[in-house]
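**Student:** If you're matching them up, the sequences are chains A and B in order. Taken in order, the first sequence gives residues 1 to 167; the numbers are from the working numbering. Taken in order, the second sequence gives residues 168 to 711; the numbers are from the working numbering.
One or more hints might be untrue.
Derived BS3-like pairs: lysine-lysine, alpha-carbon spacing no greater than 30 Å straight-line [what the hints assert, rightly or not]:
1. A/Lys106 to B/Lys703
2. B/Lys629 to B/Lys208
3. A/Lys106 to B/Lys669
4. B/Lys703 to B/Lys261
5. B/Lys629 to B/Lys553
6. B/Lys208 to A/Lys106
7. B/Lys553 to A/Lys89
8. B/Lys590 to B/Lys219
9. A/Lys106 to B/Lys590
Just so you know, the hints here were simulated from the structure itself, not pulled from any lab data.
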Amino acid sequence: MSTGLTSDPALSAAELRDLRCLAGFMVPADVGYGVPGADDDIIFADIIRSLGRDAQAVRDALQMLREIAGEGLASGDPNSAFDRLDTGKAETAMLTLLSRDDSVVKALGRAVLQCYYRDDRVLHGLGIEPVAPFPRGRVLEQGDWSLLDVVRGRPQLWRDDREGDVT
Amino acid sequence: MSSLADPNSDRPTDDIVDVLIIGAGASGAVVAASLAETRMKILCLEQGDWIKSTEFPAHGRDWEARRYADFDISPNRRGRDTDYPVNDDNSIMKIANFNGVGGGTILFTAHYPRMHPSDFRVRTLDRVADDWPIDYWTLEPYFAENDRVTGVAGLAGDPAYPPHEPTLPPVPLGKTGTRYAQAMNQLGWHWWPSDISIATTDYNGRARCINLGQCTPGCAQGAKASVDITYWPQALRAGVELRTRCRVREITTNEHGMAAGVVYYDPHGVERFQPAEMVILAGNGIGTPRLLLNSASARFPDGLANSSGLVGRNLMLHPWPQVFGYVEDEVDGDRGPQTVMWSKEFYETDPSRDFVRGYTLQFARGGGPVGEAVTSMIAGRLPWGKDHHRIYRTLLYRRLVIGVACEDLPEEHNRVTLDPVLKDSHGIPAPRVDYTLSENTRRMMEHGIARSSEILETAGAKNISCSRTLLNYPGHLLGTARMGLDPRRSVVNEWGRCHDVKNLFIVDGSIWVTSGGVNPTCTIQALALYIADNIKRRLATLFD
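The task is simple: from the sequences and hints, build the whole structure.
**Tutor:** Structure below.
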């Protein structure tokens, strides 16, 4: 049984380089939408700071990436950085990793997205004011209650067990 | 507390109490508040903490991320020091709970339907499972009393239910509910605003809902009726003592086969003995059988109150497929209570279908920015790379999602046992859950998924997809110490007293005979009020 918890130390320098490269590929900057990528300094720092329960899963995903990319990267050589790979080879490896239906890949995705979509610039780009829900709250319209009129006239739907209707 | 010596060991012993309640969640709070009027000495031991409203995620910018961390619904991922692990590797449905004052009501959505009259009579009406030893009408006054204390938003007149009067106005339909309602009317299918235990106006000292959209991981506004802010203040004012961070290891018995008290670990980790005249278990459908099985002794070698062999068996978890669709225009997203309305169109048995019993359709709003991204990433809707931003903008605040709340029938092989290896932080054996879906349940799920897809298509949604069990496990933990008249086929009698141990009561969801197709909290609490009332009326002969 996996508890999802970890007390592992911080990612190594090589793992950080790989993760940053991967994050930028997963959610790239987009000039058209006016948003940074997930490898942006502030967002990436938030991702690293917030790994928490997903730290080991992210580390496992990065190891998978290195295995996919090739034996040289999987050897543990600290000078062997993923981001120095040929672009085409690197993208193929990242796509292969991210297409896997694996819990560590989902954890990696969650670790990136939960920080990306709370960044002020990203939220502004979506037209969302970057504030916590409390205490201001939100506006919710009542909606069209007249739609209920046709339901009010329906016959009883529930079975009355006191009526002897037991078949 | 005194430090008297336990004659059977060197562990310290506390002063005896009249009533010892184990667990301060949905049912423990109710029974504590109800019994308080007796002026008996009542103590509740709770393994978790009080949760301050300032701790709830809606206070911070990381409010969505914390749903995957310290407010995750899975105790295994949440991993607070007040949690115990659950081995659910062999269960298609994972386990959700919360350990703290308020229990599961801290993390529930507050969707608050009652069981239906037919739910108590499934053998008589549908020739499956067993009837309950009590019926809807027995519980009806307790439903009403519970609604009054809790504060339930809703609307009278639902043709799917016997008449009842919710205490507060319904939550708004909003844009999302209006879309659903239009589709349901076009199809000619029943819908109604849900009963929801959220204060839509100021109520009993609770401030009205301000649409934080964060009902599940705790309501910072205090509008959601978690029992730490409904029943517990009432119980504490009446003199009930509540001790937190006290984890019970086992219930002990005396030479007469009666419960003598409990061995527990206090907040400092010291093992103590708490004697009691009467013990009431309120630990939920996983925690309660775990404790009974951990209380095996020479007198009760198969676990306490387990002469029937049914402690831990007949676990029901409410399989809950979710069907997603996306519309072109913005709807409510996470702005407002997450649940809107229900449909009972397919609730009652229909002989023309290929399954018995039925399900509730629960209509929900969508997620916030992170919730939408993570859910859609897991579901495969949201790509990585250059298309990410374009696709994301077709999803955010455009989601419709219908939950199919299926009634799973009791099956003895679906069960809770003690894991031979896994233990909690005090070294107490942890629960192991074995659970599979029956063919009847699978057919019901597929029927509900197909009808939900029709609704979403009618509502103009596209990109329709379904998660059968991956994304949703509601934490409805039922059936593992069932109620009944026959001691050979049940664990407790028709008013919650264990057949085998006459001063031991169970008031949580484990006593359910069948599960219905509804969220259980409302009925759990009505049952707890009913059992407490029986205890009060029978005090003179309670243990006969």
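**Student:** Check each numbered hint from earlier against the structure, then list the numbers of those it violates in ascending order.
**Tutor:** 1, 2, 3, 4, 6
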